[in-house]
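Asks: Chains A, B and C, in that order, give the protein sequences. Take the first sequence: its letter number 7 is residue 7 in our numbering, and every next letter is one higher. Take the second sequence: its letter number 226 is residue 226 in our numbering, and every next letter is one higher. Take the third sequence: its letter number 95 is residue 95 in our numbering, and every next letter is one higher.
It is possible that some hints are incorrect.
Listed below are the simulated EDC-like cross-link pairs for lysine to aspartate or glutamate, each with C-alpha atoms no more than 20 angstroms apart in a straight line [stated by the list, open to error]:
#1 K97/B <-> D190/A
#2 K160/A <-> D55/A
#3 K199/C <-> E241/C
#4 K189/A <-> D108/B
#5 K264/C <-> D231/B
#6 K160/A <-> D63/A
#7 K139/C <-> E285/B
#8 K97/B <-> D8/B
#9 K264/C <-> E54/B
#10 K97/B <-> D182/B
#11 K189/A <-> E121/B
#12 K264/C <-> D272/B
#13 K264/C <-> D8/B
#14 K199/C <-> D264/B
#15 K189/A <-> E188/B
#16 K199/C <-> D278/B
#17 K264/C <-> D222/B
#18 K97/B <-> E193/A
Which residues of chain B face chain A? A partial, calculated answer using Cβ under 8 angstroms [what the hints assert, rightly or not]:
#19 G75
#20 I76
#21 K97
#22 R101
#23 M104
#24 F106
#25 D108
#26 A111
#27 S112
#28 N114
#29 P115
#30 G126
#31 M179
No lab work stands behind these hints, which were simulated from the structure alone. Just so it is clear, CB atoms sit at the ideal spot from N, CA and C, and this is done for glycine as well.
So the chains spell out like this:
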Amino acid sequence: MSTDMQALVPLQTPMRIFFDEFLENRIATVAVTVLFVIIILALSAPLITPQNPYDLATLVLTDARRPPGFVGSNGFTHWLGTDAQGRDLLSAIIYGLRISLQVGFTAGVIAFLLGASLGTLAGFIGGRTEALIMRIIDLQLSFPAILLALVLAALLGQGKWQLIAALVTAQYAYFARTAHGAATAERSKDYVEAALSTPLTPTRVALRHVLPNCLPPLIVVVTVQVANSIALEATLSFLGLGLPVSEPSLGMLISNGFQYMLSGRYWISIYPGLALIALIVCLNLVGDQIRDQLNPRLKR
Amino acid sequence: MSSTGFIDLDRITRRFTSIPPFTQRLLKRLGGFAASPTVVYAVEGVSLSLAHGETLGLVGESGCGKSTLGRVAAGILPATAGNATVAGEAVMVDGRKTTTRIQMVFQDPYASLNPRMRIGETIAEGPVSHGMITKAQSASDVNRWLNAVGLDASAAQRFPHQFSGGQRQRVAIARALAMRPDALVCDEPVASLDVSIQAQIINLFLSLRRELNLTMLFISHDLSVVRHVSDRVAIMYLGRIVELGPTERIFTAPRHPYTRALLDSAPRLAADGAPMQDIQPIRGELPSPIHPPPGCAFHQRCAYAQERCRTELPALRATGKSDQAACHFPLGGP
Amino acid sequence: MNPVLLRVRDLKAEFVTRAGVARAVDGVSFDVHAGEIVGLVGESGCGKSVTGYSILGLIDAPGRIAGGSVQLDGQELIGMPHQQLRALRGRRIAMVFQDPMSTLNPVLTVSAQMNMAIQSHRRCEAAQMRQHALSALAKVGIPDPERRLMAYPHELSGGMRQRVAIAIAFLHQPALVICDEPTTALDVSIQAQILVEMKTLVREAGISLIWISHDLATVSVLASRLLVMYAGRLIEEGPTEEVLRRPRHPYTQGLIDSLPSRAKPGQDLVQIPGSAPPLGELPLGCAFRDRCQFASSVCFTAPAQTVDHQRSWRCHHPLNVGGPVRLADAGQ
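For reference, chain A alone in the conformation it holds in the complex (with noise of 0.2 angstroms):
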């Protein structure tokens, strides 16, 4: 019997053609190289900061608003000065990007865990399972998320897990209708048609067939929504709410450092404002890649 194997590319697993390519936008490996270099900053915070900005006994009151290159009464020098309580900004703000990306993970993976399970269900059942679903999920999209989470936060109290549960409750919604609008297109395609003929349970064909094909436009929401968590988790931090004083994030640290902008201790706000800027910024980049390369309608 003739084999035509001629034509067979050498073994390239999909997601290594993607890494391939995902290299060879300049601007995204650049946004995912500082994403990782924060990231390891972050799970290393204990390690490399000098101070730990959560030990209040390590706090001099005497050393608080001073500006960058100050050496302190610890003996080390304060690269980028301290703020109104006498923490090192520099160790405050890895341990606040710490804080964020954990918080931003979190919630964003569980966030697309219910919702992709949720949209996925909805869009490949149909009929009333899915209008009542979906009709839930919309008027959960009509809310503004920063007002779900403030009311939320200001609920449940203070403290990390809550917050996380504040911020799922405002985002599941999105991946929900991104997972079924995938679902709903992927329902009537010949390959579902093939599995469920053979005959495989609907519920199979949901998970091993259906939510994997789903994950594309997925994926690229992902992104979007850690970048999304953290800023809302920022913004509430601002705000006061979400977590503790003692244990101060991103956004605090720059509600803290606001009082002091005119009159001309910028550090306090701007470092960890730039901070969670470049975080956000990488994060976004990044996801734009992904999206781009995972649409097949875009020729390179």
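Assemble the complex: chain A is given as a structure, and chains B and C must be docked to it using the hints.
Replies: Just chains B and C, lined up with the frame of chain A:
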């Protein structure tokens, strides 16, 4: 004529009803506005019987219902009315497929394979989940089917996008065969392929049919392909069978004017390669299955139509020992 | 023979991809005479569509025209400035594409699209445009053109849409129309109607047609001459009937032999082993070498074009060579 064959399609009717949107129904309730649902009469009362090991070619153009009929036979779509059975077992019960004896090969090799699953997983999934083989046996089983369709064992680790159209179609056939079916429904399996690849896949079908003694429902719009692979041919027009009979007889002496007109309008090359310069097109448009014309569906385009054809729907009647035609005035006399 | 309208010489087009450079069209040369219908046939990937697009200058990055000349009535089209090319498109050369749903703008009525096409090349008043459009639609066999004029593309059947696309192409009486698989997506009976209508239309107006297709049988209804392409090269050329009855190139012979109509029912079809090489990895010499039963060591060098009367071929081992074939010989 025996009415139960290996594959038995008994008075299959399939309609697609689209419910008008909510606002329209509301308006109807309030003010009596017409909000009738749109009904597509895809298949209307079709009965077909395939003997074990037989290949029946199903021919027709857009809107004739051949793909829908194929999907009902393969257990993808439930019938609105009528029964489909394979070896006496019902193909679908309550909208769920209940047999593995009949499998489908789809038209588009680019869409019928899950782009995110490796070929080996795609082929093994069905048999493993039905307990036909154990997981440990799946590798060798996949090998067996890959070889049967002319692909190398190394294909199992690859993804669909790494294959050409013809190779993907082979994979689709392997996937169908892995379920150990007795019957296949092939929906335009070579329509998307180049001529030279088409020949390879047709030969593959022929040899598999011989080896595995498969019963096949072969759907195609390409007359020359159907003529080559089928024992019998059924011509469909607007949801009904208009002619049925042995392949050679249909192609050399058709009884229904539509069959005749279709043969006259399809370009082909003669045995010595000479081109057919004179084709006779059928006048008029293909009717829509949403608004079927009264009487015989073909009467508006038929060169022999008479008054009776405009009002009375012709039934599928025997016109010979194993021939049937749905025409009031079949060619060559009743 | 009528005067030469289109002269293509050594046309080369390539696509620059991550995997390398793919030569889609590799030195193709042919003529189209005034009023002639030429069939450009080959399987997918052979470069026939790219050839058609190159003539019109419709190749976009990552593709580019890498060389050669395309002359319409003596005017060189390759390298012509965009403005000038645009003035030619629709006026002197037009194109009909395969999928009418993507050629026609789904949000504009037929009338709006035809008016745009008319106005792009001449000034007309509304009433005149309407007349022009109506007569164009009638000429392609659209019944009840007034009603169709106000319709949107999705309200028309596939065959109707393709007729509208053809009507738009023929609006300004171009000298040359290039059709890229225009009936492939249509039903058999509709295809037959369009084939017959095209034949009459072209004959009446004296327009030249290049009909690109993979379907030998369909092309041969219309075309008086056939050009067969494989892997970006023109491997055979000649009057339709001669090429089909007595092909010179083994690929053409294989293509004809593998048609189901050539074999006895139930018998295995003749198949060309293997598959076409990917355009980025063409073998040395003759691209068909790996699949050809007549291949020998000389096939490692690219065959030059042999010309014999109206036929030409590129093969070191041509078939059926033994004097010119007169039609009177056929059938014996």
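Asks: Each hint needs a verdict: does it hold in this structure or not?
Replies: Cross-check of the supplied hints:
Note on K97/B and D190/A: the hinted pairing holds, with a Cα-Cα distance of about 16 angstroms set against a maximum of 20 angstroms. Between K160/A and D55/A the alpha-carbon distance is near 18 angstroms, which keeps this suggested pair within the 20 angstroms criterion. For the suggested pair K199/C and E241/C, the alpha carbons sit about 17 angstroms apart, so the restraint of at most 20 angstroms is met. Distance check on the hinted pair: K189/A and D108/B sit about 10 angstroms apart at the alpha-carbon level, within 20 angstroms; holds.
Between K264/C and D231/B the CA atoms are separated by roughly 13 angstroms; this keeps the pair inside 20 angstroms, and the hint holds. Pair hint K160/A plus D63/A does not hold up; C-alpha atoms about 29 angstroms apart against a cutoff of 20 angstroms. For a cut-off of 20 angstroms, the pair hint linking K139/C to E285/B stands: about 17 angstroms separates their Cα positions. With a CA separation close to 16 angstroms, the supplied pair K97/B and D8/B stays within the 20 angstroms bound.
With a C-alpha separation of about 18 angstroms, the suggested pairing of K264/C with E54/B holds against the 20 angstroms cut-off. Taking the CA atoms of K97/B and D182/B, the gap is about 15 angstroms. The hint holds against a cut of 20 angstroms. Simply put, K189/A and E121/B have alpha-carbon atoms about 19 angstroms apart, close enough for the 20 angstroms limit, and the pair holds. Our distance criterion of 20 angstroms between C-alpha atoms is met by K264/C and D272/B, whose separation comes to about 13 angstroms.
Simply put, K264/C and D8/B have alpha-carbon atoms about 29 angstroms apart, too far for the 20 angstroms limit, and the pair is violated. For the hint pairing K199/C with D264/B, the CA-to-CA distance comes to about 17 angstroms; that is within 20 angstroms, so the pair holds. With a CA separation close to 16 angstroms, the supplied pair K189/A and E188/B stays within the 20 angstroms bound. This hinted pair checks out: K199/C and D278/B have alpha carbons roughly 11 angstroms apart, not beyond 20 angstroms.
At most 20 angstroms may separate the alpha-carbon atoms for a hinted pair to count; K264/C and D222/B meet this at roughly 16 angstroms. With a CA separation close to 12 angstroms, the supplied pair K97/B and E193/A stays within the 20 angstroms bound. Against a cut-off of 8 angstroms between C-beta atoms, the interface hint on G75/B holds, since the closest Cβ of chain A lies about 6 angstroms away. Among the interface hints, the one on I76/B holds; its C-beta lies about 5 angstroms from the nearest C-beta in chain A, closer than the 8 angstroms criterion.
Given the 8 angstroms rule on beta carbons, the hint for K97/B holds: about 4 angstroms separates it from the nearest Cβ of chain A. The closest approach between the C-beta of R101/B and any C-beta of chain A is roughly 11 angstroms, which is over the 8 angstroms cut-off, so the hint fails. Taken as an interface hint, M104/B checks out: its beta carbon lies about 6 angstroms from the nearest beta carbon of chain A, inside 8 angstroms. Taking 8 angstroms as the C-beta cut-off, the interface hint given for F106/B holds, the closest approach to chain A being about 5 angstroms.
Given hint, D108/B at the interface with chain A, holds; its Cβ is 6 angstroms from that chain's nearest Cβ, closer than 8 angstroms. Checking A111/B against chain A: minimum C-beta separation of about 4 angstroms stays under 8 angstroms; hint holds. For S112/B, the interface hint holds, the least distance from its beta-carbon to any beta-carbon of chain A being 4 angstroms, beneath 8 angstroms. For N114/B, the suggested interface contact is upheld, since its CB lies about 5 angstroms from the closest CB of chain A, less than 8 angstroms.
Here the hint on P115/B is kept, as its CB sits about 7 angstroms from the closest CB of chain A, short of 8 angstroms. Annotation: interface hint on G126/B holds; nearest CB of chain A at approximately 4 angstroms, less than 8 angstroms. With a cut of 8 angstroms, the hint placing M179/B at the interface with chain A holds, because the nearest CB-to-CB distance is about 6 angstroms.
When held up to the earlier numbered hints, the structure conflicts with 6, 13, 22 and fits the remainder.
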